[in-house]
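With these hints in hand, go ahead and build the complete structure from the sequences.
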Amino acid sequence: MRSPALAELQAPGRYSRSVPELPLLRRGLDYLGLAKPPVERSVDDTGDYGSRLARMHDDEAEVGPLNAYENKRLRRIQLFGTTGTVLILIGSLGTGMLPVLQNPIVGTRILSLPSRMYSTALTVSIGGMMMLVVAWLLLGRYAIGRFSVEVAEGRSPARRMSRRQADTTLIMWITPLLLAPPLLSKDVYSYLAQSAIAYKGMDPYTYSPMRGLGVDHPLTLSVPNLWKDTPAPYGPLFLWIGEHVTALTGDNITAAVLLHRLIALAGVAMIVWALPRLARRCGVSTVAALWIGALNPLLILHLIGGIHNESLMLGMMLVGMELCFRAIEGSDPLRRPSGPLPSRAGWILIGGAALIAASAMIKVASMLALGFVGIALARRWGATLPALRHAPIGQWWTRSKTSIIALSKSASILLAVSAIVIGGIGTATGLGFGWTGTLSTGGIVRSWMSMPTLLGVVSGRVGLWLGLGEQTQAILDIARPIGQVIAGVFVIRWLLACLAGRVHALGGLGIAMATFVVFFPFVQAWYLLWAIIPLAAWATTRWFRLGTVIISGIMSVVVMPTSSDTPPLTVAQGLATGVLMVGVAATAFFIDSPIRVWFNRRRHKV
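The numbering of the sequence shown is the working numbering, which starts it at 157 and goes up by one.
None of these hints come from the bench; they were simulated from the model. Everything numeric in this text was worked out from a predicted model, so none of it was measured. Please note that the accuracy of each hint is not assured.
Unchecked claim - Label pairs and their in silico Cβ distance ranges:
| no. | residue 1 | residue 2 | range |
| --- | --- | --- | --- |
| 1 | K228 | G310 | 24 to 30 Å |
| 2 | G625 | D323 | 38 to 44 Å |
| 3 | P221 | E309 | 19 to 25 Å |
| 4 | A584 | G625 | 23 to 29 Å |
| 5 | V305 | L725 | 37 to 43 Å |
| 6 | M605 | E306 | 26 to 32 Å |
To be verified - Here are the simulated DSS-like pairs of lysine-lysine, each with C-alpha atoms no more than 25 Å apart in a straight line:
| no. | residue 1 | residue 2 |
| --- | --- | --- |
| 7 | K342 | K356 |
| 8 | K356 | K384 |
| 9 | K342 | K384 |
Glycine is no exception: its CB is placed at the ideal position from the N, C-alpha and C atoms.
Rendered as structure tokens:
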């Protein structure tokens, strides 16, 4: 639960006196200190950052179990979603990202049938994805309440499913996908090729799959053309894990893919372990957090189905944050009274910080979490955000020295832990620090979900239409760095909001991750989970939950298992038939489905 001080700061209405409704220009001048404030403020007030962000969170009550009818309906929803993932498994035999060589279904009469009926396999896959999304939406009633009632009114439902029911649902939904080929992405083949290069003793940050393994190598042939001649952009810890996969499986692609899926599953297990604990720490329903974060179709389809290393990165990061908060928000001292050595709580803090730093050696994005852990640690030592705008300039050091000293101590400790972990991993794995030079490798992707890239590409197309020539890459070279600077400014603002005590460090991290993703030069659908999963344990506001449901549902269906040369008519037929499949299946599964209710009314009228 939150501390009493934080609860008081985040209490509704606390800032209504100091944030009156004013014209936009007047508010801007006041914010910059260029106009006399409409309400006199005490010099002892906390700084203004975070007063609006705090509205994203409110405490939730844990409510009683479902009744008999709701349990019966829940079981139908579980089976409905499981049927969807079974259909995805069947369809993936024709639409999955199977290897070019060593295809395990070639030559088998039954398993190879979907690959010879691509349109049918595509329809089955799309229908299965839609069923999974619909099942997730229906399950939301027993996690966060009805969307038009409890969610719209910002209150907890009368009953929720239990933690055990949530875990059972997740296990049922992911089990069929454990045997499926990679879904929606061929990234796992890049993992295999880059790990094989490292296993051979070559530098994967210098040699691409084509140069390190050869053009005709079985692993190189399955790597997407976009990545065949690019070095590895991942951290040395992930490639070291991949080296051990290569040592166990050799050139057996099927076995290697299966082991990487088990690694992704271990990451999901860490998410499921940490997320409820973090939610409980923030005063949020554990079941609601699991439903939004772990049961999200994006996680099931992309992290487990697509076998992405974000699973391991997020899992390690969240476990590390839970350990850090356990030490920081606990009452035990972080240092032994008899000397400078850490106490048990201090070692837990160091272990959590080390785990976060290690997660950054999977993908560097999780390093952002250490900044918010540092703010939480500094606040334990007395740091705050004094309202300097309304105090005499001569009081600056007097009012800030405690915070600056606490922040310096916190930053020094976490930087030391990070340096030891990162340096140790780079040295122990033998891969060094070449990853620092390949972080921008993904920049060759032009993703419409990245704001700078979208604006750059659109501007380039407009310029081309106006006869100014092809200037898209030149515009991107300017827009992307500007986007990163803007993201950095916003992240500093979210750090200040946490320093002010109005936003929990976990919520600040989720908002910062969302900012990072929006302004990142290249974005994939599953990157949204970087923000959704941390925020699931903190944000409770209506617009966040409804927005997450809408975005997750749309992205789960929009990213379809089609190749680039699939005719649009085939995709349209698959979508239309998939919708029909969902309607028929819902009628069979649910006695209160709209189609069955309409049919019964018509029959009674006759």
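Outcome of the hint check:
no.: 1; hint: K228 / G310: 24 to 30 Å; verdict: holds (29 Å)
no.: 2; hint: G625 / D323: 38 to 44 Å; verdict: violated (57 Å)
no.: 3; hint: P221 / E309: 19 to 25 Å; verdict: holds (22 Å)
no.: 4; hint: A584 / G625: 23 to 29 Å; verdict: violated (50 Å)
no.: 5; hint: V305 / L725: 37 to 43 Å; verdict: holds (41 Å)
no.: 6; hint: M605 / E306: 26 to 32 Å; verdict: holds (30 Å)
no.: 7; hint: K342 / K356; verdict: holds (22 Å)
no.: 8; hint: K356 / K384; verdict: holds (17 Å)
no.: 9; hint: K342 / K384; verdict: holds (12 Å)
Checked against the numbered hints above, the structure breaks hints 2 and 4 and satisfies the rest.
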